[in-house]
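Sequences listed follow chains C and S, in order. Under my numbering, the residues of the first sequence are numbered 68 to 637, in order. Under my numbering, the residues of the second sequence are numbered 68 to 637, in order.
The hints are simulated quantities; they were obtained by calculation from the structure and are not laboratory data. Check before you lean on any hint, since a few could be wrong.
Remember, identical chains collapse to one label, so a pair may be satisfied in a single copy or spanning two.
Cross-link-like lysine to aspartate or glutamate pairs, in silico, DMTMM-like; alpha carbons within 20 Å at most [what the hints assert, rightly or not]:
(1) K451 / D266
(2) K443 / D402
(3) K451 / E286
(4) K451 / E342
(5) K564 / E129
(6) K79 / E187
(7) K564 / D524
(8) K79 / E318
(9) K309 / E416
(10) K552 / E209
(11) K72 / E135
(12) K72 / E187
(13) K618 / D556
(14) K69 / D448
(15) K194 / D496
(16) K623 / D317
(17) K460 / E561
(18) K69 / E126
(19) K72 / D494
(20) K618 / D494
(21) K69 / E135
(22) K557 / E627
(23) K194 / D76
(24) K69 / E129
There are 2 protein chains.
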Amino acid sequence: MKVEKLVGDRFKERPSDCKIDSHALMLRGGYMKQVCNGIFSSYTPLRRITRKIEQIIREEMEAIGGQEVLLPVVMPASLWEESGRYSSVGNELLRFEDRSNSPLVLGMTHEEAAVQLVREYGQSYAKYPFMIYQIQTKFRDEARPRGGLIRVREFIMKDAYSFHTSQEDLEQYYEKCLQAYKKIFARAGLPQVITVASDSGLMGGNVSHEFMLLTPAGEDSVAVCSHCGYGANVEAAECIVKNERSQTSDELTLVHTPGIRTIEDLCNFLGIPMEKTCKAVVYQKNTDNRYVVLFIRGDLDVNEAKLRNHLGEDIRPAVITDDCGLKAGYIGPYDLEGDFAVLFDRSLEGANNLSCGANIHEYHYTGLDIERDIGKMEYHDFSKIADGGICPKCGTPSITISRGIELGNIFQLGTKYTKAMNMQYLDKDGNPNYPVMGCYGIGIERLAAAVCEAHHDEHGPIWPLSIAPWEIHLCCLRPDNAEVKEAADKLYEELQKQSIEVIYDDRNVSAGVMFSDADLLGVPIRVIISPRNMKDNCLEITTRDKKISMKATFDKAITEIKALMSELYS
Amino acid sequence: MKVEKLVGDRFKERPSDCKIDSHALMLRGGYMKQVCNGIFSSYTPLRRITRKIEQIIREEMEAIGGQEVLLPVVMPASLWEESGRYSSVGNELLRFEDRSNSPLVLGMTHEEAAVQLVREYGQSYAKYPFMIYQIQTKFRDEARPRGGLIRVREFIMKDAYSFHTSQEDLEQYYEKCLQAYKKIFARAGLPQVITVASDSGLMGGNVSHEFMLLTPAGEDSVAVCSHCGYGANVEAAECIVKNERSQTSDELTLVHTPGIRTIEDLCNFLGIPMEKTCKAVVYQKNTDNRYVVLFIRGDLDVNEAKLRNHLGEDIRPAVITDDCGLKAGYIGPYDLEGDFAVLFDRSLEGANNLSCGANIHEYHYTGLDIERDIGKMEYHDFSKIADGGICPKCGTPSITISRGIELGNIFQLGTKYTKAMNMQYLDKDGNPNYPVMGCYGIGIERLAAAVCEAHHDEHGPIWPLSIAPWEIHLCCLRPDNAEVKEAADKLYEELQKQSIEVIYDDRNVSAGVMFSDADLLGVPIRVIISPRNMKDNCLEITTRDKKISMKATFDKAITEIKALMSELYS
Numbered sequence: 068m069k070v071e072k073l074v075g076d077r078f079k080e081r082p083s084d085c086k087i088d089s090h091a092l093m094l095r096g097g098y099m100k101q102v103c104n105g106i107f108s109s110y111t112p113l114r115r116i117t118r119k120i121e122q123i124i125r126e127e128m129e130a131i132g133g134q135e136v137l138l139p140v141v142m143p144a145s146l147w148e149e150s151g152r153y154s155s156v157g158n159e160l161l162r163f164e165d166r167s168n169s170p171l172v173l174g175m176t177h178e179e180a181a182v183q184l185v186r187e188y189g190q191s192y193a194k195y196p197f198m199i200y201q202i203q204t205k206f207r208d209e210a211r212p213r214g215g216l217i218r219v220r221e222f223i224m225k226d227a228y229s230f231h232t233s234q235e236d237l238e239q240y241y242e243k244c245l246q247a248y249k250k251i252f253a254r255a256g257l258p259q260v261i262t263v264a265s266d267s268g269l270m271g272g273n274v275s276h277e278f279m280l281l282t283p284a285g286e287d288s289v290a291v292c293s294h295c296g297y298g299a300n301v302e303a304a305e306c307i308v309k310n311e312r313s314q315t316s317d318e319l320t321l322v323h324t325p326g327i328r329t330i331e332d333l334c335n336f337l338g339i340p341m342e343k344t345c346k347a348v349v350y351q352k353n354t355d356n357r358y359v360v361l362f363i364r365g366d367l368d369v370n371e372a373k374l375r376n377h378l379g380e381d382i383r384p385a386v387i388t389d390d391c392g393l394k395a396g397y398i399g400p401y402d403l404e405g406d407f408a409v410l411f412d413r414s415l416e417g418a419n420n421l422s423c424g425a426n427i428h429e430y431h432y433t434g435l436d437i438e439r440d441i442g443k444m445e446y447h448d449f450s451k452i453a454d455g456g457i458c459p460k461c462g463t464p465s466i467t468i469s470r471g472i473e474l475g476n477i478f479q480l481g482t483k484y485t486k487a488m489n490m491q492y493l494d495k496d497g498n499p500n501y502p503v504m505g506c507y508g509i510g511i512e513r514l515a516a517a518v519c520e521a522h523h524d525e526h527g528p529i530w531p532l533s534i535a536p537w538e539i540h541l542c543c544l545r546p547d548n549a550e551v552k553e554a555a556d557k558l559y560e561e562l563q564k565q566s567i568e569v570i571y572d573d574r575n576v577s578a579g580v581m582f583s584d585a586d587l588l589g590v591p592i593r594v595i596i597s598p599r600n601m602k603d604n605c606l607e608i609t610t611r612d613k614k615i616s617m618k619a620t621f622d623k624a625i626t627e628i629k630a631l632m633s634e635l636y637s
Numbered sequence: 068m069k070v071e072k073l074v075g076d077r078f079k080e081r082p083s084d085c086k087i088d089s090h091a092l093m094l095r096g097g098y099m100k101q102v103c104n105g106i107f108s109s110y111t112p113l114r115r116i117t118r119k120i121e122q123i124i125r126e127e128m129e130a131i132g133g134q135e136v137l138l139p140v141v142m143p144a145s146l147w148e149e150s151g152r153y154s155s156v157g158n159e160l161l162r163f164e165d166r167s168n169s170p171l172v173l174g175m176t177h178e179e180a181a182v183q184l185v186r187e188y189g190q191s192y193a194k195y196p197f198m199i200y201q202i203q204t205k206f207r208d209e210a211r212p213r214g215g216l217i218r219v220r221e222f223i224m225k226d227a228y229s230f231h232t233s234q235e236d237l238e239q240y241y242e243k244c245l246q247a248y249k250k251i252f253a254r255a256g257l258p259q260v261i262t263v264a265s266d267s268g269l270m271g272g273n274v275s276h277e278f279m280l281l282t283p284a285g286e287d288s289v290a291v292c293s294h295c296g297y298g299a300n301v302e303a304a305e306c307i308v309k310n311e312r313s314q315t316s317d318e319l320t321l322v323h324t325p326g327i328r329t330i331e332d333l334c335n336f337l338g339i340p341m342e343k344t345c346k347a348v349v350y351q352k353n354t355d356n357r358y359v360v361l362f363i364r365g366d367l368d369v370n371e372a373k374l375r376n377h378l379g380e381d382i383r384p385a386v387i388t389d390d391c392g393l394k395a396g397y398i399g400p401y402d403l404e405g406d407f408a409v410l411f412d413r414s415l416e417g418a419n420n421l422s423c424g425a426n427i428h429e430y431h432y433t434g435l436d437i438e439r440d441i442g443k444m445e446y447h448d449f450s451k452i453a454d455g456g457i458c459p460k461c462g463t464p465s466i467t468i469s470r471g472i473e474l475g476n477i478f479q480l481g482t483k484y485t486k487a488m489n490m491q492y493l494d495k496d497g498n499p500n501y502p503v504m505g506c507y508g509i510g511i512e513r514l515a516a517a518v519c520e521a522h523h524d525e526h527g528p529i530w531p532l533s534i535a536p537w538e539i540h541l542c543c544l545r546p547d548n549a550e551v552k553e554a555a556d557k558l559y560e561e562l563q564k565q566s567i568e569v570i571y572d573d574r575n576v577s578a579g580v581m582f583s584d585a586d587l588l589g590v591p592i593r594v595i596i597s598p599r600n601m602k603d604n605c606l607e608i609t610t611r612d613k614k615i616s617m618k619a620t621f622d623k624a625i626t627e628i629k630a631l632m633s634e635l636y637s
C-alpha cells in the first residue's frame, strides 16, 4: 500500500471540539470521519487496527473454548419481551417497526439472542458448559456520545455468553475469561489495564467486573486502594463511613434560618461541620413519578447506581413543585408527611446532634437524634466513595479516585435470562434446571482509541506492533533521485514478498511532510532510504517511540527489520 | 474442536417448510436458526464458512487496489435525502427515529455513506482512481424473505465503491472488478457462475451486471442465448419481436362479446391467434395513483422493470374501480378517454387486423390498424423475453430462460451520487468536475447457501475445501477401544500442530450416527480410525464427494492428508 493512494486526509490543526487526544489524533490522522452524532465511518488505517484487535480477541476466545457465532443486529421486540428488558431498558434500546408494523429493536447486547440460539441445544446437562461469542455491530442510542470513539452509538463489539450447570462452574469459567481478557488487553498494548468490581446495572446478576485503563481522559470514576490494591467502579464501591456519635444528645430545637437553603449555608450560619448535618436529596421514579427522599450525611454524595439497584427501577433528579408537599431547601426527616418513599443512608445510622431541614419554609432543626426523635429506621449504603475514603476490603483510608476508560466487562448473570426465557436442561437425575449464564463484552473501537490515548505523543499515535495498521512505514526521501527510488522500490517489493505489512511513502514531498504523515499513521517501525544514507550503502531504521534508531546496510535490511519486529512483538 | 462440544443440533427430518435443499440441509446440519421472518443467527459451522468467504473476497479486493473501510449500519436520513433516495426508495429501506426524534435509516446499500466518507479526500484529480470496500451487516426490509439464506432481511455484504475521473477509467476498472468477481466465485467453489446484463433499478446508472448461479432453486429468471452465449436477467433483456403485418387491413368492426373478459376467451370466441390481439395491462403509479394503460401484443407479458425504468418511478398492478373510467376486461386503445398515461409496446408497431377491447362493456373491436385508426404512436420495449425468443445480440431464436441465484452485482453508476451529493474534484486545468462511480456487491450468506445448493447430496452439503468449516473431519470409531482412541487423539493433536483445521468426533456413538453427522457438516476430507483398520496399522481417508477413498499407514497419514489437501485446494 502506498501513502499516495491511501484514502483519507491527514492534517495539522487540532479540531477545536476534541476534548481528548485520541479523538483529535484519530481525526487528524485520517482514521475516521463522523457521519452524525455518535456514528463514525472508519478509514483503512482504523479498519486495519480494529481487524487486528478482532483477531487477537478471536484467538483468546477460542483458547478458552469459545465458538464464534453471529447473532442479528435487528431483533424482534418479542425476544426482548421474553426477558422483560423490552420495558425495563431505557431509551438506549432503539425500538422501531418494520414495513408490516412488527416491533423490532437494534441489538445493544445479545443475551436474549444467545439464549434463543442455544435453548434447544442445551436441553441435556451433558452439553454443558459451553460458550459462544460473536464480533458484530452494536447500536446503543446514547444520550451523550463523546470523546470520539470512546462513547459512540454504533460500534463493533465482541460479546460472549457462557452457559453452566452450576454457579461454581460459572465462577471457574468467569475466572478463565477474566484471565483471557487480561491477555487480550496486554496483547493489544495495554498490560496496565486493571480489573475492578462493577455495578451490574441493566444486565442483571450480582458479580461483575470491568477492565479499566486509568487515564484522565476516561469518563468513569474508579476507586483504587493504594494499600491493598482493591479496585471498583465508584458506582459499585461500597462506602464505609465511621459515624462518631456525641456522648450526649442535645435537645431538638427549631431554628429560624431565613434564606438558608443549602448545607453549605447552614454550616456557615450555625458554625458546624458538614458531618453534623443531615442532607435531603430528592428523586422521582421514572415509572410513576413518585418522590423518593433520600437522607444522607451532609458531607457525602449520593451514588445513584446504588439507589437504582435498591429500588429496582430507574430514577431521575426530582422537580420539586409548590404543591408536592416538599419544602425545597428545608426538607428534613422529622415530621415529614406525604406520600414519599423515604430512605436513610448508612452514614446517618446512630447519629445525633444533627442539623436538618424542618419541613417549614425558612426553618431548620438542630439537635436531631434520629433514633430518639424519629424511631428505628433501616439504613442502606447509598453514598459515593470519595478520595481518601476507607477501603471496603482492607479498612485503611487509602482510596484514591481516578478516571478510567472501561474497555470490557464481565458479568455473572445467574439464571435471570434462562428463567425468564424458559431455557431448561435435564440434570443427571432427569430433573429440569435453569442453566447459569455469564456474559463478557469488549468494545473494539473503544479499545483502539484507548490504546491511542495511552500511546501517543503530540505528533500522533504510537501503535503497538500487534495492532498497528502496518508493521513497517517505508519512507523514500527524494524519490526523484533514481538510485534512492530504485533501492526503496526494491525493499518495498522484498518486504511484501516476506509477507511483512508495509506502507510505502514515495511521494515527492519534503521530509517534513513525509515524517509528520508517518507520525500520524503511528506505524511502530520506520525505514528511511535517503540520498545521504545511500552514500554509505545504508538505510535507517527507527521506531515511532524514538527509543531505537539505527543504520543497516541494504543486504542486512530484512534481517534487521525482522529482528526488530520479533523484539517488538514479544 | 470436538463434535461433542459443537453448539447446534443436527437432525434427520427435512423441515416441511423448506422449498430448497440448501435451506433444509443448513437447518438440518446446525448451521443456522431463524430468529424471526428473514432474520437468522449463524452457528459456528456457518460462521466459519462465511469468514472464509469474507477472506477470499478481501484478498481479491485488495488485489485490485481496494481499501477496506467500515461504514455505519445506522445512518441519518439526511444523508439519503442528499441523494434523493430517502423518498425514491420503497419500504425495503427501513426508516425510524432515535431518542431525540432524528430520522435514521438502516443501511441497505452504502453509496451515500461512501460519498460522505471520501467527499473531501477526492477534491483533486491526482487522488483518482480509488476504491473502498467494506464487509458489513446490511438490512433490507424485504416483503417476502424466502429460501433460507437466499433472500433474507439481514445479511453480511461486501460492498465496494470506486471513484474515477472519466467513464473510460470506470469502464476499465469495472472490467477488472468483473474478473475479480469471477475469481471469487471460482475460489468459493462456483466456477460455473455466469455474468449477465442486469437492470440497474434503484441504484441508478445504466450498465450493470449480475453474477448468476443457474439452478432450479433460483428466484431470478435469466435469459441465455445457446447460440452466442449472450446472457441477461430477464428484467433487463431486450425483447426482439418480429411483427408480420397482414397485406390488407380489415375494417374496424365493433363485436358484441358477452362474458368475454380475457385474451384467451377472446381468441377462442373469435378463433384467432393471440398474436392478433392487443392486450391492455393496467398499473397505477405509487406516487399519485394515476393509471398507466400499457398495450402489448396478446401473446406477450409485460416486463415491469422496463416500465418502471421508462416512467422513472414505481408502479403497482392497478385496482380498477367502477368510476375510474376504465372498463375492466374491455379496455382497448381506440376511443380510450380519460386521464391515463397510455403506452404502447414495440410488439404493436405497424400491426393491423388486431382484436382489442372497445372500452364498452361486453364489446370488442376486430380489424384494428393502430396507425390508421389511432395515429402515429411512440413504441417502447416493455415486453418480457421468453423461452425460444430472439437473442438481442446475435438475432437467432436461441434464448432459453433459466432460474438463477444472483450472487453479486456490479454497477456503473455514473455521476448520479456525486452530483446529487455535490462531490467535486478539480481537474488538471483547475476546472470542477463530478467523479464517476462504480459499485460492486456480494452477499456473503447467500453465496454460502448457493455453494450448498450446487454442492450437496441427499445426506448433506459437500463444501469445497476453500470455504469448508473445517479441513478435516476426524472420526474415531469405537473410542471405547483404548488403542483406537489413543491413535485418534494423537492424530488430532498432530493435525492441530500442523495448523490443519480439524473437527474431531470421539463420541461413543454408532458409525451410522457419526457418519450422518459428518455428512451434514460436509467437511471435504474425512479421516476414519477404527478397530478394523487398526489391525493393519492403517487409517482411512475419504472425500465427502466419495470420489476418493484410500488407506494410509499411520506414519504416512499427515503426508497423505496434506497431499490430498493441496490437490483439493488447487
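Okay, the hints, checked on the actual structure:
In this homomeric assembly, K451 and D266 come within 20 Å of each other (Cα to Cα) only inside a single copy, at 13 Å, whereas the closest approach across copies is 64 Å. Taking the closest pair of Cα atoms, K443 and D402 come within 20 Å of each other only inside a single copy of the chain (15 Å); across copies the shortest separation is 96 Å, beyond that limit. Within a single copy, K451 and E286 get their C-alpha atoms as close as 16 Å, which meets the 20 Å cut-off; across copies the closest is 62 Å, which misses it. In this homomeric assembly, K451 and E342 come within 20 Å of each other (Cα to Cα) only inside a single copy, at 15 Å, whereas the closest approach across copies is 87 Å.
In this assembly of identical chains, the alpha carbons of K564 and E129 lie at most 20 Å apart only when taken from different copies (15 Å versus 30 Å within one copy). In the homo-oligomer, the alpha carbons of K79 and E187 lie at most 20 Å apart only across protomers (16 Å), although the nearest pairing inside one protomer, at 56 Å, exceeds that limit. Proximity of K564 to D524 under the C-alpha cut-off of 20 Å is found in neither arrangement, the shortest distances being 32 Å within a copy and 41 Å between copies. Neither within a single protomer nor between protomers do K79 and E318 lie at most 20 Å apart by alpha-carbon distance, with minima of 68 Å and 83 Å respectively.
In this assembly of identical chains, K309 and E416 lie within 20 Å of each other by CA distance solely inside one copy; the values are 10 Å within and 99 Å between copies. Neither within a single protomer nor between protomers do K552 and E209 lie at most 20 Å apart by alpha-carbon distance, with minima of 50 Å and 54 Å respectively. Taking identical chains as interchangeable, the C-alpha atoms of K72 and E135 lie at most 20 Å apart only when they sit on different chains, with a minimum of 13 Å there against 34 Å within one chain. In this assembly of identical chains, K72 and E187 lie within 20 Å of each other by CA distance solely across copies; the values are 15 Å between and 51 Å within a copy.
For the identical chains of this complex, K618 and D556 are intra-copy neighbours only, at 18 Å inside a copy versus 50 Å across copies, given an alpha-carbon limit of 20 Å. Proximity of K69 and D448 under a CA criterion of 20 Å is satisfied in neither setting, with 59 Å inside one chain copy and 48 Å between copies. In the homo-oligomer, the alpha carbons of K194 and D496 lie at most 20 Å apart inside one protomer (15 Å), although the nearest pairing across protomers, at 70 Å, exceeds that limit. For the identical chains of this complex, K623 and D317 are neighbours neither inside a copy (87 Å) nor across copies (94 Å), given an alpha-carbon limit of 20 Å.
In this assembly of identical chains, K460 and E561 lie within 20 Å of each other by CA distance neither inside one copy nor across copies; the values are 57 Å within and 48 Å between. Taking identical chains as interchangeable, the C-alpha atoms of K69 and E126 lie at most 20 Å apart only when they sit on different chains, with a minimum of 17 Å there against 30 Å within one chain. Taking identical chains as interchangeable, the C-alpha atoms of K72 and D494 lie at most 20 Å apart only when they sit on different chains, with a minimum of 17 Å there against 60 Å within one chain. In this homomeric assembly, K618 and D494 never come within 20 Å of each other (Cα to Cα): the closest approach is 67 Å inside a single copy and 42 Å across copies.
Proximity of K69 to E135 under the C-alpha cut-off of 20 Å is restricted to the inter-copy arrangement: shortest distance 14 Å between copies versus 34 Å within a copy. Taking the shortest alpha-carbon separations for K557 and E627, only the intra-copy value of 16 Å comes in at or below 20 Å, while the best inter-copy value is 39 Å. In this assembly of identical chains, K194 and D76 lie within 20 Å of each other by CA distance solely across copies; the values are 11 Å between and 52 Å within a copy. Proximity of K69 and E129 under a CA criterion of 20 Å is satisfied inter-copy only: 13 Å between copies versus 34 Å inside one chain copy.
In this structure, the hints that do not hold are numbers 7, 8, 10, 14, 16, 17, 20, in rising order.
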